[in-house]
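**Q** Generate coordinates for the entire structure from the input sequences, incorporating the hints supplied.
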Amino acid sequence: MTTPWRDIKRESRREKAAIETELQERLKKGVYGDIYNYSELEWNKVLDEEKQVAEGVEEEEEEELEIEYVMPPLETTMVLN
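Per the working numbering, the sequence shown starts with residue 412, numbered consecutively.
All the pointers check out, no bait thrown in.
Calculated lysine-lysine pairs in the DSS-like style (CA-CA distance at most 25 Å, straight line):
{"no.": "1", "residue 1": "439", "residue 2": "456"}
{"no.": "2", "residue 1": "462", "residue 2": "439"}
{"no.": "3", "residue 1": "456", "residue 2": "440"}
{"no.": "4", "residue 1": "440", "residue 2": "462"}
{"no.": "5", "residue 1": "427", "residue 2": "456"}
{"no.": "6", "residue 1": "440", "residue 2": "427"}
{"no.": "7", "residue 1": "439", "residue 2": "427"}
Simulated from the structure, these hints should not be mistaken for lab results.
**A** This is how it looks when you write it as C-alpha cells:
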C-alpha cells in the first residue's frame, strides 16, 4: 500500500515546523554561542518576538506608574472656642 502524496506533504510540513521550533528554543536558551548559517529571516523573527515581550513588560511598568494617590486637602483654619 502506498502513502498518498497529500500525507507525505503533511508529514514533511510537520517535521519542518518541529525542527524550526526546536532550533528557535535552542537559540533562545543560548545553546549556540554565535549564529552560524542561520536564516536571517528566522533570526529577525526571534528578535521581533523578544522585542514584543520586552515592550509588553515596559507597558505594564508604565501602567503601574500611572497610579497616583492623592491626599485630601488638610483644613488650614481651625476654629477655637
